[in-house]
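Quick note on numbering that gives the first Met the number 0: the sequence shown kicks off at 0 and runs consecutively.
I should point out that these hints are in silico values taken from the structure, not numbers from a laboratory. Predicted model only: the values in this text are computed from it and were never measured. Note that the Cβ used here is the ideal one computed from N, Cα and C, for glycine as well. Heads up, a few of these hints could be off.
Stated by the list, open to error - Below, simulated DSS-like cross-link-like pairs (lysine-lysine); rule was C-alpha separation at most 27 Å, straight line:
id, residue 1, residue 2
1, Lys-95, Lys-195
2, Lys-99, Lys-64
3, Lys-133, Lys-186
4, Lys-119, Lys-191
5, Lys-131, Lys-51
6, Lys-133, Lys-51
7, Lys-133, Lys-119
8, Lys-195, Lys-119
9, Lys-119, Lys-107
10, Lys-119, Lys-99
11, Lys-27, Lys-186
12, Lys-131, Lys-27
13, Lys-186, Lys-99
14, Lys-95, Lys-64
15, Lys-27, Lys-64
16, Lys-191, Lys-131
17, Lys-177, Lys-107
Stated by the list, open to error - Label-pair distances were calculated between CB atoms; the ranges are:
id, residue 1, residue 2, range
18, Lys-27, Leu-134, 24 to 30 Å
19, Pro-91, Pro-127, 16 to 22 Å
20, Lys-51, Ser-145, 33 to 39 Å
21, Ser-62, Lys-27, 34 to 40 Å
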Amino acid sequence: MKMSIIPIKILILAFVFIFGSAALATLKPGENMRPFSLPAVDGQIFRVRMDKGQLTVERIDASGKLLSVSTPEVILLDFWATWCLPCRAAMPHLEKLYQKFLARDENKGRIEFFGLALDKPGASIVKPFLQKIKLSYPQLCGSLESSASGIIYSVQEMASEYRVQEIPVVYLINRQGKIVYAHVGFKEEYIKDIEKIIFSLLNGNQ
0 MKMSIIPIKI LILAFVFIFG SAALATLKPG ENMRPFSLPA VDGQIFRVRM
50 DKGQLTVERI DASGKLLSVS TPEVILLDFW ATWCLPCRAA MPHLEKLYQK
100 FLARDENKGR IEFFGLALDK PGASIVKPFL QKIKLSYPQL CGSLESSASG
150 IIYSVQEMAS EYRVQEIPVV YLINRQGKIV YAHVGFKEEY IKDIEKIIFS
200 LLNGNQ
């Protein structure tokens, strides 16, 4: 009698999807964020870095004009891809959470969400996909041409520097530029954990 053997990678992926794992995720709480400058699917550029000890987000248009500068107290990074089913399952929940925080006037400018699409073809695949999903927070993909050191200029390099091995991966970063939360995989109850940590960060508790 023959027995079928399930490849170990499939078992690992199934485990991550069902249970999630902070152990697989990468940068650990307390580590420094990696600064980046990346294009969004709408043509804008978002530069995230530390400036005088404060987490800073610069929004730049396609011509290079600075549109806005914010100093958020928390940033959420969501690494995903169009082919990733648990990533797609997480998106409506993250969007709902984002809108929940934005609905309060006192939170404007204090919180930023960024999606990072890891599809190698970039915007040619990601943009049509997002037209169906309708996410309101910036979705970053592709790369910028630059030789400057110390800043990440491509989403693929971003995944490497943030040690993304499986997706989805969610990070939370505080105003000091420290990782305070990292998680691989998706279950609906994890959104409540993320919400609690964001509230704590906005209240200055981390």
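Checked against the structure, which of the hints given earlier come out wrong?
2, 4, 5, 6, 8, 9, 10, 12, 14, 15 and 20
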